[in-house]
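Protein chains in written order, with the working numbering: chain A, -2 to 94; chain B, 1444 to 1834.
Treat the hints as calculated values from the structure; they're not laboratory data. Hints may be right or wrong, so weigh each one.
Some chain A residues judged to face chain B by a derived CB distance under 10 angstroms, without partners named [as the list claims (entries may be wrong)]:
#: 1; residue: Glu2
#: 2; residue: Ala14
#: 3; residue: Pro19
Backbone N, C-alpha and C fix where the C-beta goes; we use that ideal spot for every residue, glycine too.
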Amino acid sequence: MVKPEKELTWKDLEIGAVVTEPGNARQYRTGDWRSQRPTYKFDKCIKCGLCWVFCPEACFHQNDEGYFVADLYYCYGCGICAKECPTGVITMVEEEE
Amino acid sequence: MAKRVGIEVSVAIGEVVTMTNTDVIAAYPITPQTHIVEHPAKLAADGELDAEYIPVESEHSAMSACLGAAAAGARTFTATAGQGLELMHEVLYIASSMQLPVVMAVANRALSAPLSVWGDHSDAMAVRDTGWIQIFTENGQEVVDNILCAFRIAEDRGVLLPVMVNLDGFHLSHVIEPILLPEQSEVDAFLPPNDYPLPLDPAKPVTMGDFGPPFIYTEVKWAQEVNLRKSMETILKCWGEFDRIFKRCYHPVECYRSEDAEVLLLTMGSFSETAMTAIDRMRGEGKNIGLIRLRLWRPFPFDEIRNAVKDAEVLIVLDRALSFGGPGGPVSSEIRSALYNEDRRPKIVSFVGGLGGRDITVSGFQEMINRGIEISKTGSKHEFEIFGVRE
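With the sequences and hints as input, model every part of the structure.
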């Protein structure tokens, strides 16, 4: 596996920046694009999974208690989950940085 | 021993490309490059050149086909001129960024409009920043020699960059000159087989020209810059090895009667030979004048230029291209910037001339040098002067 993106220097690149290993698109931190993040009030959650269905980045997973949460490494803050949630569990808040 | 033959320079390029055992040629004909690609097309059709010759529908496609061929590990050649080079423009960056060692001859031609098939350097200057190694030549022998060197430099494991060999349209492309063509055995001894390290290979798949998000684009560009600068070592080594085998020597910056010169003229390409005659005449009149010829345009030979001009009082630079609304010709503005921080540097006078096939004769160069000396004393109201324009 190649180095994490923050550790990758120009000296680590292959000739012509060729990619020699498959599957490393999953290392791409789309979370960097985010200006808002989802927050949850799980007491209203009915675990319907619509956020999981609609998330265009497919970054929702179920935690140990069965609630759906977004993986912030990938979540780019589009807010579709908050819009689609039928019980108003999800609220988007500004990222501080 | 090499044979000395009277041959059209464009045809001689085809001959030497044939000797390099080039695998793929993809090209679209355009004046004044036409004969450069016509000759290998005939050789390939007649079975005398064992290469894939791809007759494409445009220069954009020509360079694109060359990328594919070079990526598959093929030795790849193309040629173009003027508008054709501009149509290739965006693909040129891809060749250099992806480190694909394509070799290209450019028969320099003025850009339209008005339509001109004649020579100047506006086409080459427009692709200055495409990341290619760029060499300028003065006569037919230099063209042939540097086409051969270009393959060795481009395919060197420590370089892997495309190389452009510039020759002035018509002034070089269409003249018949006595040229020493190398023997096949000499070419074989000088040029090892192409061994591209990461070719397209189903057994070892790789992704080429991938998406480069903000987190990595800067690193990729810096790697490219370091590699192009570092290619200077290989270029010097290649020209040294060429000298050892063929007894003809090339340098990034070449000096002519410049050692004690107070005034230096700087030229590129075939005009340098006319300028040499002008220098000889002015030396005969007791004037301390010399000539600097810039052979290697990219990577730019900073140290060599600084060293070549450091003792002169005046440096007169002739550009054969205009940077509209800018500080003068591209060559003169780059030389100014290379010298700006030097403690000791000559006064620089910038001329643009020889546009669109306009000749500059020996007496023309004498006139330009005299005017340059005058400007160095009195100054000029312009950033640069355009030589020979009718007022």
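* Asked: Which numbered hints does this structure break?
  -> Violated: none.
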